[in-house]
Structure formats: C-alpha cells, structure tokens
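Got chain D sorted already, so can you dock chains L, W and R onto it with the hints?
Chains as they are written, first to last, in UniProt numbering: chain D, 1 to 322; chain L, 1 to 322; chain W, 1 to 322; chain R, 1 to 322.
Everything labelled a hint here was simulated from the structure, so no lab data went into it.
Any given hint might turn out to be false.
Stated by the list, open to error - Among chain D residues calculated to face chain L with C-beta under 10 Å, some are:
#1 Thr166
#2 Val183
#3 Gly213
#4 His234
#5 Ala238
#6 Gly245
#7 Pro250
#8 His253
#9 Arg255
#10 Thr258
#11 Asp265
#12 Gly268
Positions of the beta carbon are idealized from the N, C-alpha and C atoms, including for glycine.
4 protein chains.
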Amino acid sequence: MRAWTIDHSAPDHLALAEHPDPEPGPGQALIEVAAFSLNYGEAVGVVPHGENGTVPGWDAAGVVVRAAADGSGPAVGTRVVTLGPGGAWAELRAVDTDWIGTLPEGVDLGEASTLPVAAGSALRGLRRLGPILGRRVLVTGAGSGVGRYTLQLAARGGAHVIALTTDPAKEETLRALGAHEVVVADRGASGGAWLVERLSDGPVHGVIDMVGGAIRVAAYRTVAPGGTLIAMGHSSGAAETFPHGDFAGPLGHDRAITSFFLLHDGAGIGADLTWLAGLLASGGLDAGVGWRGPWTGGAEALAALAEGKVPGKAVLDLPSAT
Amino acid sequence: MRAWTIDHSAPDHLALAEHPDPEPGPGQALIEVAAFSLNYGEAVGVVPHGENGTVPGWDAAGVVVRAAADGSGPAVGTRVVTLGPGGAWAELRAVDTDWIGTLPEGVDLGEASTLPVAAGSALRGLRRLGPILGRRVLVTGAGSGVGRYTLQLAARGGAHVIALTTDPAKEETLRALGAHEVVVADRGASGGAWLVERLSDGPVHGVIDMVGGAIRVAAYRTVAPGGTLIAMGHSSGAAETFPHGDFAGPLGHDRAITSFFLLHDGAGIGADLTWLAGLLASGGLDAGVGWRGPWTGGAEALAALAEGKVPGKAVLDLPSAT
Amino acid sequence: MRAWTIDHSAPDHLALAEHPDPEPGPGQALIEVAAFSLNYGEAVGVVPHGENGTVPGWDAAGVVVRAAADGSGPAVGTRVVTLGPGGAWAELRAVDTDWIGTLPEGVDLGEASTLPVAAGSALRGLRRLGPILGRRVLVTGAGSGVGRYTLQLAARGGAHVIALTTDPAKEETLRALGAHEVVVADRGASGGAWLVERLSDGPVHGVIDMVGGAIRVAAYRTVAPGGTLIAMGHSSGAAETFPHGDFAGPLGHDRAITSFFLLHDGAGIGADLTWLAGLLASGGLDAGVGWRGPWTGGAEALAALAEGKVPGKAVLDLPSAT
Amino acid sequence: MRAWTIDHSAPDHLALAEHPDPEPGPGQALIEVAAFSLNYGEAVGVVPHGENGTVPGWDAAGVVVRAAADGSGPAVGTRVVTLGPGGAWAELRAVDTDWIGTLPEGVDLGEASTLPVAAGSALRGLRRLGPILGRRVLVTGAGSGVGRYTLQLAARGGAHVIALTTDPAKEETLRALGAHEVVVADRGASGGAWLVERLSDGPVHGVIDMVGGAIRVAAYRTVAPGGTLIAMGHSSGAAETFPHGDFAGPLGHDRAITSFFLLHDGAGIGADLTWLAGLLASGGLDAGVGWRGPWTGGAEALAALAEGKVPGKAVLDLPSAT
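Next up, chain D with everything else stripped away, as it sits in the complex (with noise of 0.2 Å):
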C-alpha cells in the first residue's frame, strides 16, 4: 500500500511511499481508509519526534475490507470510524475493534473521519469533570478543533458553557455552537486574577484547557471547591508558573488539575465514536471542517495546522473515497 511515513531527511519529516500492508492481530478488523484528520498534536509532536518510516495519523475513516478474525467488530463492508496509535495516514489500517464506530448512513466520511481525537477528547474530557447538568464550563482554546466539540457537547450536556479565545472575531461562531458566554482573552494576559473578574458569576465547576501556559493558570483560579481542570492541550507551549498560594485551600478545597490524553483512556471508544456519528447524521454537531484536500496534499496541510492557518479540522481525502 501507500502510506505517509515519518522520514526525517524530507523537508517536512514526511513522505508518501511504499509500506508493507498492516497485518491485523485477532482483534482487528482491516479498513481500507477513506479520509483521515490531522491533530494539532501531530503536527507539533508526532511527526517531528516521530520513528523514522512509520506511519503516524490517529483519525481514519474507511471501509471494512477484513472482519476481526475473533468475531468481534463489524462486518465486510460496513463504513467505520476508527482510532489507534499510529497508521491512519495510509491506503489500508488495521484497527482493534474496541476502537471503531460504525457510521449510519449519510455520514460524510471525511467529517466522520474529524470525530476520534477532536470530539472523542471532548466528550471524555467532559465526562472526566462528573455530571455537568445545570453546571459552569469553561472552554479555553475554544476555537480549536477539540475545543469546537466540547463548546457543542457541553451544550448538549446541559452546562452552561463559557467560551475563552484569543480572537474577537470567533465570538459569533463560538455562540452559535454553544456557548452561553464568550470572553476574549488579551494574548499578554498574566497572572489569574483577571479571568476571574470576567466570569461574573462566580466560579466554574470545570475546564477543558486547550492552551496550558498563563491561560491555565488563570483558569486553575476560576476553579470551585470539587472541580476540575482538564489539561487536555498545550498549544501555547509555555510553562506554567502558579504564584505561591494559588493551590493553598482558603482559596478552595479540593480543586483538581489532571492530565488527560485519549490514547490512554479508549477502553470502549467505538461505542463513543458510533454515538457521535450518530450525531452528525442527524445535524448535532458541526464537524467545522476548515481544510479539505487530496491526501497528496498531507505535508502541506499539516504545515498550515502547525501555523495556526487551519479555522477548524483539516480532512485529507484518499481516491478511493465512496
């Protein structure tokens, strides 16, 4: 088959070649893929720091071309979502069936191929905070492809949804995925102390940060006794500097950071992924795809999302799509 894989000698550490087809384990099915995402965390982390001819890419969507040899999973012929370590970026991916969801009919499979990591991390992330019905949630990054999601799921949830971005501009598009409250954010911000005078009602019961650095300090400080910050993204690549006091409890009890990352929590993520498909289908969510192009076009379409130049989620579609 053909493939993306990591070769550091290319200028952008990628090239498409030749790769032996993947050989599925029992509990594999084999896909032939259709389309794939890329992730900002591909971009920034996997393919710079990447094994050299491997080939990366966590978001694929495709066709069954061989059912799992023990049973599990679907059926020849099913159109399927799928997420794993490594391989999307390639003609053919062999998927461990826990991790595929089954796309009803109407889905595109370029938008469903956007669901895995972006809104797969979203509706984890969000469910990591404990029930959110009739509860504040913040979103920072919320323009983000990740953040995008958690805007429209934690609507959906029943939260009232904060929206924090850099960019007046996004403010009507973030509304009209969800969010109750945008505020924007001045790129120099410092300190915590002005976030939590924005939020005038108080403080939040949780956060999806997608940005780390000041932003996550601040938003730490906007946290109530029993909440939790999820430290999901990191895209302002910066450390985080908490003034002495900020963790102490007169300032609040029991308020949690923790790290998350999807690859490490995707027990039962098929089931996840069929849901959200089903979402699509019936027009709940907004797949806000912001990029979309030949697969040919890989090297450059992740060279845009590392620069910031992608509004949404870039798709790569492969010939074979149906």
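Structure of chains L, W and R alone, referenced to chain D:
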C-alpha cells in the same frame, strides 16, 4: 476569660488579654481549654494577617463545661479534643459538636491537642487519595507535624510509604514512624527528573505534599496514571513552575493535583478525632511533641515554630489543665 | 399563624389550625408562604406517622419577610422557593438559607413550589449516576411528579432516555417530556427477563426507579457494568425479591443499587433550585401541575394524591399569594 | 499435555486427559504449572455447566517456560502466580502477562496458587469500598477462602474488622486473622434487625459479603450512608428478599449494593499478585491451605470443597513442582 488575641500593635501581633466569654450557638458545646497546639499555618498566615481583637487557634483539648443546647455532643465533664476556625487559644471555647472528639482515659490532653489539624489533615488527605492498601505513597516535608502523622497513618493503612526530607539526620526517626523508604532531597533541587530517578521502583499512587515550590513540581512527576498529589502544605513559600509538557498526557494520563484545606472538609471530623485519640491511647500514634510549656509562652512558641525551630508539634498548657 | 398540623384524631390525620409562628435560627430566613406542593411520600409516609401537633411540608414558595440574622441568603421581599424537613404547609416558614432558591420574574409561585422535592430529587439523582451525556438512562414510574422532571432533565443532560410506565395512554406525554423510548409494563410483570428483552439496544447506564418491587428487580437486570440504579421511589409498596445469582458477577461486574433521600443530600440545594427556577422561567421545564386549589383543600388534595388520582403535581395556594 | 477437562459423561463432570498444548498469543507467556488452587465458584458453577473438552481453572502457580512474544512480562525461568478465565488445571498454561505476578524466593508455589482469585478478590473488593483506614468493615462468610484473606487485608488496611460466621468454633481463628469482633450468626436468621442489634457500635462503612440470601439482606441494613456492600460470594444459594422500605432513603441515604467479579476487573492484577506474594513471603498473609494433595486427586478435592468440607483453600500439586 483570658485569651491570646490578635494585636498588630504588639511585636508578635499577639497579646494575652481579657476577652468576652464565647456564647455557644444551639449546636455548640462550651469547653474549658486545658491545652492547645500551634500550627505553622497559624504562625505564618493567621496571626500576621488576622483581624485585631479576634482569638485565633484551630486546635484545643479540654473538658466540656456546658453541653450543646440542641442535645447533640458530649455531656458536661467529658474530656474532648476540638477543631474550629478560631478561638482555641483561650480559657473557654465554643465549638460545633460535629467537630468534637472524645478522649479515652489515659490520653494526655496536651498530646490530644496536637490531633485536630495535624492528624485530621493527614487522615483526610490520605482518604482523598482513595484506597492506599498495597499502594505507594510519597510524603514530602515528612518531618513536619502533619508529615509525621501522615507517615504513621499511611503505614497503618497498608501503604508502602516513602518519606522525603531535606534533613538527613531525620532518617531514623522517619523510619521509626513508618517510612519504608527515606529520600533526602538537596535543598537546591530543581526540575523533576532527580526525584523520578530516586524512586527506583517507579511511580507512586499518591503524594501528600507539605512543601510546594520545586518539590511539588518534582513530586508531581512521580505520580502514576490515576494517582493524585494533595497540595496540603506550602512551607517553601515558593511558586510552582511546571515546564511545558509536565501536564501532557503522554507523560501519564489522569494524574491529578488537588488543593486541600481541612477547615473546608470538616464534616464528621469529630468521629475521626475520637478514632485518632483512641490510637494515641493505645500507643498506635506518636504525637511528636517538640515544644511544651505554659500558655503564657504562646508568642515565643509561635516565633520558634515560624522559624522552623520546633522539631514536631508545639503544645501549650493552661493552668487549669486537669 | 395558621398551619396544617398533624392531628391523628382527625379523619385525614390533619387539621388546619392555629400554630405558634416559627422562630428562625441565625442562618434561617422567614418566608411568607404563597403556595406549596404535595409529595406522595408526605401522603403515605409523613402524615399518617408524624408527631401530633407538628407542621409537615417539604416544598413551599413565597416571599422573604425577614432575612437571616447571619447575613446569608436573600433580602426581604425576594421571591423564593424553599426546601426543608417540615413546616411548609403554613403561612410562615423558617428555612436554612442554603436551602432557598431565588425566583426570576415571571415564574409563578405555585409552579415554583413543585420544584424542591420533585425536580431537586430528579437533578440530584441524575448527578448520582455520574456523567450521562451520550448514555442510556431508564426512568420507571415515569409519569409521576419526580419521574416527569427526571425525563426532562435527563434529556437536557444529553442522555438517551427510556421511560417505563404502566399506562399506555401516557406515551405521547412522556415523549413530549423528553423520552426517546417508552416501554409500557404489564402491571403483573415479574422476573427480570421481560424488561431486558424490551430494551433492544442493550443495557442502560443508569436507572431512576420510582416504583420498587418487581419493577426494581427487573430494572436492575438492565444495568450495564459500571452502572447504577437509584432506588428513589417506592410506590409499589412491595418487597424486592432478587433471584439467586442476580448479584453474581458473571451477569455483570460492578452494577450498583443505591438508596436515595433528598433531605439527606440537601447541601447546596438552594443554588440548584435557583437554576431549576430559571429553566421554568425560560420554558425549559414543564411543572406538570395536575391539581391546584386553595390551601384549605389540603386534606382533600392529599387523599387524591395518595390514591393516585393526581396526574402530576398538586399545588395549594394561600390567600396571600402574590 | 495432560489436563483436567470438562467431561459431563464422567461422574464428577471431569476427566484427567490428554489435551492439546495451549498456544500463547503475542502478549501471553507459557507457564509450566506446579500447583493450582480450587475455588467454590469453580466447584458449583464452572465444572457442572462448562463446555465439554475445555480446561477449567482460574488459579495456577509455576515457572515461565516461554516468555511473551511482545516482550512484556517475566523471563523464562521466573517463578510466577497467574490468573485467567480458564486453563489452570493443566501441565501448561498460556496467560496474559498483565495477569502474572512474580514470586519472591521462599514462597511455596502451592501457597502462592491460592492468591489469584481469593486474595485478588479480597484486595479488589476492599478497594471498591474506597478508603478503609479508620472505618468499620464487615466480612460475611469470614471463614471461607476469600473471607480469610479479606479479614487479613482489611486489618492490614487499618479498618476495624467485624467477622460474621455461622461456626462458633472459628472465632479464635478469625480473631487471629485480624477480626476485631466476631459475630456468630444463627443459620436460620432472617430479617435484618438482628444483625443491626449485634453491631453495638453502629453502622459499618463497607461489607464484603460472601454468602448472599438472608445474610445479605441483614448486612445491607448495617451499611452507613455513603457505604457499600460488595456482593462477592453467593454460597447460601438463596434469593434475597428485601422488605418494602429497605432501600428507602430515611433508613439512610446513598447506601449501595454492587455486584463483583474479579475476572471482569483484572486489569493490572499481575502487579497486585506480586505485592500479595511479597506479603506471603514476609509472613504478612496466611494462605490457610486446608487441603493439599497430588493433582490426580482433583475431582475428589473439588467434591469436598463443594460440600463445605475444606477448611480453607484446596491446593493440588503437579509432579513437576520445583
């Protein structure tokens, strides 16, 4: 009655003065105080910043002289240990009956007075870690009042206990209190790698951190997926700077830091104090009193505590002590 | 003041009589009651077994006529909805400020009075299930006062909602309230297999059970591993007999049943009532009042409720209602 | 290899016969079995109802003869203890490396073989109760294999341990294993009141119930708000009939019963088995072997176990035991 009261015109911000007797609410008992203990947070936080004329003090032991009007709590004459948001450093104290533990015969009132904040925080903090039986628990600032009780209770709870201290002379004591391993930290340690390397058997399930600053940053690096660091003390007085990526998922999913403050988690603490007092009585806990004297020496004891010159808990006795 | 008081010499165990005004504690506001609602548990549990001369009643709405002495809670003149362990069926009520919700303009006091036990239990019970977004929730006794609010809130929380009722005529109403599926149970149903078969898409994540008896046994069989059945109501009046093996692990690990009682879970309920009242105001909740009349008809309304003749909530208005 | 296989034409449903060697998957090691232990659930559940020709057996200890192909797990020659859904009663066993514990020197392989189901269930069940340090835990069927390990581990975890047994002769043994109180139940006991009365210090935080039936109903009555009963064993063979109201909130809010099955909760059990084996080595656990003999006596041992004639664990040795 006489009481230590906040007086910012005095050199130590404290004066032993006449004060109106406390008026118990319907769910409060009135206690004749026999002894109280001092806490580092009182020395550096409460006394310098408290309101003039108020009586500080979280921990006091004594005898009930008036039972609660609503019928709850212990009868007149009962020997008790009490926690409250203030009012302990006085001849009389009014205290919620839910925050009163009863003492078995043979427990010294001065030793009992060390329990509420120090052992109460240790017990509640360990419970916040979830089940610890057969799991690894790291205690930083292990030689402090809270640290010593945490070592003892974590060992009693079946954990494998690792004590972190900057004082190599304390190693034997910390082992005697229950530490299975003692790590002596260089005071100038920075970054997180050094501590990870010192824990040769890998990550820990939980951390009770009394220090903050660079120690907290290092300790967080040792937490296993699903584990928790409790930010209980802040003796370093330093900010925490986490390098970019320390919260990133690939380093370990679902690793949490959480704030802690016993006074906001006090529901039912009376029953816990009764249990802890039973351990004192049976020799199952070492109170570790490092300073003891008449209550007229309160300001002097507090200054010694703030300077780190008290090896353990400081206890002050009132003349009425029985 | 006048109040409905327990009087076991009266035919309905109740008399509308003179009663001393309540004396608010320091953290209590005094409310002039405008309307109260009745609950099934009051009809069958509290009134027949209460102490002579006491004033029952959990739910009341009205206006603050004296603010709390400790400065907490709403000011005089605020329209509020209140929960308490008793005292609602009276012209005046003293109530803890933590148990008081405030009402937006435009919310009818009678409709608001239906919220505390019915919608409060629904909200707290659903939260006890953990995250429900994208998960399946079964509600038994779905046509009851609590059941109706549970359907609405579970749908708002993004769950797939399955309503169980014995009355086929209610199907349309239950769907309008948010049920995605309605299962009509045969009143004589026994064993658990029948319900498992009716849920064609497999087990559920959570159950809010208002019925008990054979329905509870059947509903427990539908719970997935990691899921929970909340035993919230007991309207069947029947015992639960679980066949040998129903709790055995091979049927599904970690499937829980738990007891529930709002009055023991009331901390912070005031903020929840404020949020629920906001939903009423915006049309996001249907109060479902099935009986409304002057409070002098209280005994009659209660008898109707106990006999199952009230289709929804029963609300009684005091002459002072504004 | 030779193995005990299900044979429903045999009087005991078992035959010691030739069987194809197991073929390890990529994440499985191959073990030469030295000893295995029998469990009550195998005697009454697996063997009578298993599929003809399959090899039963959850617990086996032995030596690795082929390491896992994927590089995980112990090396050839390592002494290990293993858990799996079957296959233990044979000369060779293929087992997932995540389900393998390693043995320190000095641990007898037969004693180690008692750990997986019995001590693993005890440890995981106790963890499901949440923190137990300083809390009261009730163990029913305390003299059973799982019960004995639960007593020991609950005591090690700092709980106050109450053992329930029907055999007054066991009291001394149960106390030696860690029980602080022993309650001897009348075999004909019914209802729940009797047990509540016997626990003079009030409700318990957790129950590990090995018995079911009327004992389970009584034990549930003793659970405090926030507490949990783990339905771990079902030796009574009886249904549970809870009187109307036993789940009602006024009896106590948030009291849970939950199903338990170790084989569905096995992730990471290998590390737990290593820890448990360390306790065996240091004398911190008593394996309580009540039957030991050559594996050719397997059917006889199983029959004795099913009839309740084995006082503790039954262990069978293979000739190859080293």
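Checking against the hints above, which ones are violated? 1, 2, 12
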